[in-house]
Amino acid sequence: MARRPTIALYWCAGCGGCEESVFDLAETLLDVYRQTRIVFWPAALDARYTDVEALADGEIDATFINGAIRLDHHLDMVRLLRKKSKCLIAHGACAGLGGVIGLGNLHTAGQLLDCAYRQAPSIAAPKGPLPGRNGGAEASDPALPELLPATLPLDRVVPVEASIPGCPPTADIMAQVFEGIIAGHLPAKGTVYAHRKALCHGCPRLDTRPERIEISRFQRLHETLWDPAVCFLPQGLICLGPVTRGGCDARCIQANMPCRGCFGPTERMDDFGAGAISLIAGLMADGSEADGRALIESIPDPTGLFYRYSLAASVLGKGRSS
Amino acid sequence: MTEFDPTIVALLCNWCAYDGADAAGRSRLAIPHQIREVRVMCSGQVDPSTVLKAFAAGADGVLVLGCRPGDCHYRTGNREALKRMRLLQAVMAATPIHSQRLRTDWISAGEGDRYRRMACDFVLEIQALGPVNPKGRH
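Line by line, the protein sequences are chains A and B. Going by our numbering, the first sequence wraps up at 322, each residue one higher than the last. Going by our numbering, the second sequence wraps up at 138, each residue one higher than the last.
Just chain A, with the same shape it has in the complex:
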């Protein structure tokens, strides 16, 4: 029997959806478990930090990191795992581009802590200690990890070999990644487990996209009854499929929801939001000065829309000095 590859999985700042993308393998997960040696996976197995420390450098073949880097503790973990791994894979949109967590970069770390620990109406002790290196001397009073000044995508902290886009990635993609590793092929540097071209190319509604689209009013989903068989854009609904990497099986489109860009930019783009802005601005109808402004103002939260998954990877979200 071929050597079983050694694997580790770790969860940084994320919602757990990427962990779910592994459990979504269902029965296939049992095959993966039998054909690999999983040495560290806090969400599923009992292994400790010290177990990872005890491994030889480069002993792990592939480590999957999901979630963005938001705490000092995450820095320690991913640096340790980097040292112990031949190949590091950014698993999901948060590890790859900062994800939804990256929208926190619109505020300082201090503002975020204040909102969560001081201003929230459910806080009973508004003068309690904030997380940080301020634990007591007793083991029962440990220090809580400190919030970094900004959310960071994984590759801003350690070199990364490959990335799996998606919020979360599909189980099919996860199965394909594990299959390759089990067959003894670690991903080449720069591998992205998705299509090279945009989602539009594989969209089930592609044939209904007109040659020329002119939007004179942006519609919002909750105000509209839209045709589930026709491309979203000519209906005035913002869909980011033309600038988003394909490979997701058009999950949202099939559920009659427009694309929000979780698979990140296509191969030829550098900044996802910039591409999305260019796309949508290009579809806006010409009109008077006032019409143009009103049209832009009809897009609620444009920052959160165009940079929903990629703000921390953009110059616009590289954190603010407090």
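Don't read these hints as lab results, they were simulated from the structure. There could be a bad hint or two in this list.
As the list claims (entries may be wrong) - Once the Cα atoms are required to be at most 30 Å apart in a straight line, the calculated DSS-like pairs of lysine-lysine come out as:
1. A/K189 with B/K53
2. B/K53 with A/K197
3. A/K197 with A/K86
4. A/K189 with A/K83
What the hints assert, rightly or not - Residues from chain B that face chain A, not an exhaustive set, calculated with beta carbons under 7 Å:
5. S49
6. L52
7. A56
8. K83
9. R84
10. R86
11. L87
12. L88
13. V91
14. A94
For glycine and all other residues, C-beta sits at the position ideal for the given N, C-alpha and C.
Knowing the structure of chain A, use the given hints to seat chain B on it.
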């Protein structure tokens, strides 16, 4: 503390704005040294990612200058530029790089004095805003 000396990138269209800047030069008008002029064929060629690249490279402000409305050499380039830059500004408004750091305007060929005024005003405005990253470079 010395006065903040910003870096400003001005993207000038080949047909009008660059000519306007040239006219300023021919008239011996003093243009602030903080302005780095870059000639592009058309303001409509300026993509949001070009603007963000300038900020990533250390610019504190970006000027996008094209032909006056209706005068675009390629007919609609300046109109397209305005739409893109306005949408980009709407996105920037919530971010640490505020939308005031990006300005789109029009200069026709020969309007050297208008170019000088615009450049001076923008330098003052960016000086008032301070550097993009106060802890980083300054």
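Quick one: which hint numbers does this structure break? Sort them smallest to largest. none
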